[in-house]
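Undergrad: If you want the building blocks of each chain, they are given just below.
Number of protein chains: 2
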Amino acid sequence: MAVNLQVPAAADLNDVAGVRMGFAKAHIRKPDRKDVLVMSLAQGSSVSGVFTKNRFCAAPVQVCRTHLSAGAGIRALVINTGCANAGTGEPGLLDAQNTCQAVAKQLGLQTEQVLVFSTGVILERLPMDRLYAGIESAVAALGQANWLDAAQAIMTTDTLPKACSRKIQLAGKTVTVTGISKGAGMIRPNMATMLGYLATDAAIAQPLLDVWMKRLADRSFNRITIDGDTSTNDSFIAIATGSAGNPVIEDENHPDAAAVFAVLDEVSRWLAQAIVRDGEGATKFITVTVEQAGTEEEALKVAYAIAHSPLVKTAFFASDPNLGRILAAVGYAGIDDLDVAHVQLFLDDVWVAKDGGRHPDYREADGQRVMAKQDITVRVVLSRGDVSSTVWTCDFSHEYVSINADYRS
Amino acid sequence: MAVNLQVPAAADLNDVAGVRMGFAKAHIRKPDRKDVLVMSLAQGSSVSGVFTKNRFCAAPVQVCRTHLSAGAGIRALVINTGCANAGTGEPGLLDAQNTCQAVAKQLGLQTEQVLVFSTGVILERLPMDRLYAGIESAVAALGQANWLDAAQAIMTTDTLPKACSRKIQLAGKTVTVTGISKGAGMIRPNMATMLGYLATDAAIAQPLLDVWMKRLADRSFNRITIDGDTSTNDSFIAIATGSAGNPVIEDENHPDAAAVFAVLDEVSRWLAQAIVRDGEGATKFITVTVEQAGTEEEALKVAYAIAHSPLVKTAFFASDPNLGRILAAVGYAGIDDLDVAHVQLFLDDVWVAKDGGRHPDYREADGQRVMAKQDITVRVVLSRGDVSSTVWTCDFSHEYVSINADYRS
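In order, the protein sequence lines correspond to chains L and W. Everything in the first sequence is counted per the working numbering, starting at -12 for the first residue and increasing by one. Everything in the second sequence is counted per the working numbering, starting at -12 for the first residue and increasing by one.
Fair warning: there could be bad hints in the mix.
Identical copies carry no separate label here, and so any pair may be met within one copy or between two of them.
The list that follows gives simulated cross-link-like pairs (lysine-lysine, DSBU-like), each with its CA atoms no further than 30 angstroms apart [to be verified]:
| hint | residue 1 | residue 2 |
| --- | --- | --- |
| 1 | Lys341 | Lys40 |
| 2 | Lys288 | Lys360 |
| 3 | Lys17 | Lys341 |
| 4 | Lys12 | Lys92 |
| 5 | Lys40 | Lys201 |
| 6 | Lys201 | Lys154 |
The hints are simulated quantities; they were obtained by calculation from the structure and are not laboratory data.
Could you build the full structure based on these sequences and the hints that come with them?
TA: Rendered as structure tokens:
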């Protein structure tokens, strides 16, 4: 049961010129589900990516980094679910390379022009024969899949496909941005078992897309958390095919730069937030904003301390305005010289804690009213500076335990 | 359902000469339960304490720190459950001081000679009238309570009282060490909603007890974690009444020092581990040992990354040898130059991951056999140095969510 999130209508998800897609049911782990997706990109596409910082990064992540830095021009992506090809050592690395090679061979590309992504159970090898067969089917079907199919093909424990699409006008040209993402647990800053793909037909120079990639991630996928775990396979990829025919956006001074970045940003944030709304067992979507921090680092420390606290998250699940738990999290966030006498806490519009203590006018009924909602904002004012940061998270429910206790069965 | 932990027999809990105790049912929050405990200590007792590092430390913690540093000699402790007197600002601080004053008046002491402890719901004021009445009853009953009563009187969501007692012989004198503790969630290094009281009749000089206090905490209460939250009220107190009549242990060179420290250490660890065994919803007791780390800091980073991971903890709950989740936690623990190719992972005696990948001889049935146990050791070998550290934690169950979602109802 995702929080205020619906299955997108296929008709609302605009094709992106220069991107063709095909999927297959390869039975990587489970029968009769879309589990292999191939994307073919127009020649000259700019492609950029950010990946998990987990030291146990999975084989496909290692291969992606190598292929992106090879500079041969990325022309295809292949994604499988069911098996993450992580913790598989040298043999797993070969499997990932062979997967790229198989796609390259089918499409007449070099192996270095293919990126590979895997998600699912870790410490197990990919069933390569079934994967090869799936790739063959997916390539044969290229162009017949739409973005909704694509969103479905990358799902694991997600309860619904996540996709978002926008169009803008640039000097007579229509530019489309469409993206898909998958979660659903193990999400936190620096990414987790999440995959995100953002595609536009705008022409954006590779160096600028690389700069934007980091900024987009730090405003979206790097600001979400579900359970504090980060995974071995997280990847967020941006693709600009250039097929829209707009003049290439070379740098930030280009007249179209701001508008294009804004729509990329909007879709990225939507895709990231959708992962939280469909967090494993989520019943609440919680925005945690920390204001008047001295630095971004301390704003994020406080925001994540709140967002990661199991006690805070279970209180949200229970719709219980046990706001002391939030204050406790602020207190242990690691700001050694925090003066709690200057800390203010708001729950939506309700001023709960004033100058570090319970606000004299706070009534439990007001807290209760906010906690009963599905979308809730926690706002902490530190009174130490002028930096604000926001992260998004969800509550912690019985369903979370069930999903993660039963994941492999 | 605590993990391999039983209610202690009152007869096994030896009185500590120089400590008298009394409890009352003061209806602080719930009717008909022991919720106020007073301890009276012999003149000349050495008393030392370590407290939460949460910046929102509760009023009683602030008062304890002040009274301990006043140096007037601590002669009494008063502990209430049901209300933590945290996030209560200046009025709460006055309540804590008045609580000490009430005890002092009853016992003919100075206010500075009394320590005060509160645990329970935060952001609410203490019901002072009921607390005063409870103190009066508890003081009137001093000496009639035993350590099992005391352990019961400090329980909150604990499912059973926690107490441990040992005796040793020192040059013809018998020395007793008896302690009590309470959990049950919100436990992590630098403490959490946990209270621990360790009492001995040995004569230990105050400066030495202060040194030992830190060392004892870092080998016990500072090495346990249940959900990663730390509370506003955590306190661990050591008392040495000197009533055993042994020659005062002035420093570490004293012939009795090693033996007395060892027994204090044994009881402290037992009390700390008992909190984990009775962690909210715990069904497994997990020892996480990190070996061959370069520094203690990195050993602890890895140990806590594993111990705090909700995905690892739910896998233990499910008895699922999903060991990739443990490797993922090692990978995101924050050791930037970790070479995963040198990481070994063991589950009890089973070598699961060799050189960063699945051990070729590992069979799921072996992992399953270990996971089915109630007491499990996770051992990670980093191959970076010669430092080892151990923390203790529990699994993450449906029951944890239920307890914390319903705590205030």
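Undergrad: Now look at each hint and say whether the structure bears it out.
TA: Status of the hints after comparison with the structure:
In this assembly of identical chains, Lys341 and Lys40 lie within 30 angstroms of each other by CA distance solely across copies; the values are 21 angstroms between and 38 angstroms within a copy. Taking identical chains as interchangeable, the C-alpha atoms of Lys288 and Lys360 lie at most 30 angstroms apart only when both belong to the same chain, with a minimum of 26 angstroms there against 36 angstroms between chains. Taking the shortest Cα distances, Lys17 and Lys341 sit within 30 angstroms of each other only across copies (28 angstroms), while inside one copy they are farther apart (53 angstroms). Taking the closest pair of Cα atoms, Lys12 and Lys92 come within 30 angstroms of each other only inside a single copy of the chain (20 angstroms); across copies the shortest separation is 79 angstroms, beyond that limit.
Taking the shortest alpha-carbon separations for Lys40 and Lys201, only the intra-copy value of 13 angstroms comes in at or below 30 angstroms, while the best inter-copy value is 35 angstroms. Taking identical chains as interchangeable, the C-alpha atoms of Lys201 and Lys154 lie at most 30 angstroms apart only when both belong to the same chain, with a minimum of 22 angstroms there against 62 angstroms between chains.
Checked against the numbered hints above, the structure violates none of them.
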